[in-house]
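Visitor: Just need the whole structure built from these sequences, with the hints factored in.
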Amino acid sequence: MRIKVLYFGRLKELSGASEESVELREGAAVEELFARCSAERPELRKFRASLVAARNREFVPWNTPLRTGDEVGFLPPVSGG
Amino acid sequence: MNPFPPEDRVEITRSPIPNAEIAREVRGEGDGAVATFDGCVRNHSHGRRTLYLEYEAYESMALLKMREIAAALHTNHAIHRVAIIHRLGRLEIGETSVFIAVSSAHRAAAFDACRYAIDTLKKTVPIWKKEYFADGAVWAEGELPPVPAETPAAKPASN
Numbered sequence: 395m396r397i398k399v400l401y402f403g404r405l406k407e408l409s410g411a412s413e414e415s416v417e418l419r420e421g422a423a424v425e426e427l428f429a430r431c432s433a434e435r436p437e438l439r440k441f442r443a444s445l446v447a448a449r450n451r452e453f454v455p456w457n458t459p460l461r462t463g464d465e466v467g468f469l470p471p472v473s474g475g
Numbered sequence: 635m636n637p638f639p640p641e642d643r644v645e646i647t648r649s650p651i652p653n654a655e656i657a658r659e660v661r662g663e664g665d666g667a668v669a670t671f672d673g674c675v676r677n678h679s680h681g682r683r684t685l686y687l688e689y690e691a692y693e694s695m696a697l698l699k700m701r702e703i704a705a706a707l708h709t710n711h712a713i714h715r716v717a718i719i720h721r722l723g724r725l726e727i728g729e730t731s732v733f734i735a736v737s738s739a740h741r742a743a744a745f746d747a748c749r750y751a752i753d754t755l756k757k758t759v760p761i762w763k764k765e766y767f768a769d770g771a772v773w774a775e776g777e778l779p780p781v782p783a784e785t786p787a788a789k790p791a792s793n
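Taken in sequence, the protein lines are chains A and B. Residue numbers are given in our numbering: position 52 of the first sequence equals residue 446, and the series is strictly consecutive. Residue numbers are given in our numbering: position 40 of the second sequence equals residue 674, and the series is strictly consecutive.
Think of the hints as simulated: they come from the structure by calculation, not from any bench. Note that the Cβ used here is the ideal one computed from N, Cα and C, for glycine as well. Warning: the hint list may mix true and false statements.
[Said to hold, decoys possible] What follows is a list of derived Cβ distance ranges for each label pair:
id, chain 1, residue 1, chain 2, residue 2, range
1, A, Glu426, B, Glu726, 22 to 30 Å
2, B, Gly662, A, Glu414, 45 to 53 Å
3, A, Glu420, B, Glu641, 28 to 36 Å
4, B, Gly770, A, Glu420, 43 to 51 Å
5, B, Asp672, A, Glu437, 35 to 43 Å
Guide: Here it is as structure tokens:
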């Protein structure tokens with residue numbers, strides 16, 4: 395299945411991309427998606443504990459299963475205002 | 635949760651925020667109070683002199699979260715109208731980055747709702763700021779938004 399991945403803030407700088415398309419096995423969860431995205435980006439992997447994931451614009455836990463066409467954002471701590 | 639009230643104004647903009655206009659717009663004839671919060675760019679951060687800030691957002695999600703805040707204000711406070719506007723891009727010292735206005739018949743509800751709105755925005759809305767100094771730039775330390783707990787039964791939500 396195909397997942398659209400978005401990076402923001404410092405994660406965008408660390409990953410070198412604001413957006414990418416990732417092919418994952420059916421039923422994979424957010425955690426597996428992040429493992430895939432950070433596999434060749436050790437700097438990104440170090441941020442695992444201080445980021446949250448959003449699936450289709452809602453915050454979700456790491457074990458949330460994904461479906462094809464989902465949009466997943468990896469978000470560092472927010473600092474608006 | 636209540637549907638998003640049509641008279642509320644929730645926006646993300648790259649232009650200067652018209653604070654006075656927004657504060658005027660939320661006011662109705664039955665209102666006795668308008669509480670506003672003007673978040674502006676200050677010239678220092680952690681003892682360093684700030685030159686300017688840059689804001690970016692996950693825009694579609696940020697708007698969704700801002701609308702949720704507005705809806706929650708109507709559920710929990712006896713208020714009339716809400717405006718929440720956040721600006722993105724480069725902002726100079728003294729400029730408004732976020733403006734919130736809440737109208738109500740009596741002042742307590744407007745004060746309380748306005749305070750809740752900015753506190754919740756800072757914790758849950760996906761917006762980030764980068765602080766620029768004479769000798770470099772850093773992403774502002776932020777808050778990690780609360781996320782629903784993991785459950786073994788977590789299922790894909792409907793789209």
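Visitor: Run every hint past the structure and note whether it holds.
Guide: Against the structure, the hints come out as follows:
| no. | hint | verdict |
| --- | --- | --- |
| 1 | A/Glu426 / B/Glu726: 22 to 30 Å | violated, 43 Å |
| 2 | B/Gly662 / A/Glu414: 45 to 53 Å | holds, 47 Å |
| 3 | A/Glu420 / B/Glu641: 28 to 36 Å | violated, 45 Å |
| 4 | B/Gly770 / A/Glu420: 43 to 51 Å | holds, 45 Å |
| 5 | B/Asp672 / A/Glu437: 35 to 43 Å | holds, 37 Å |
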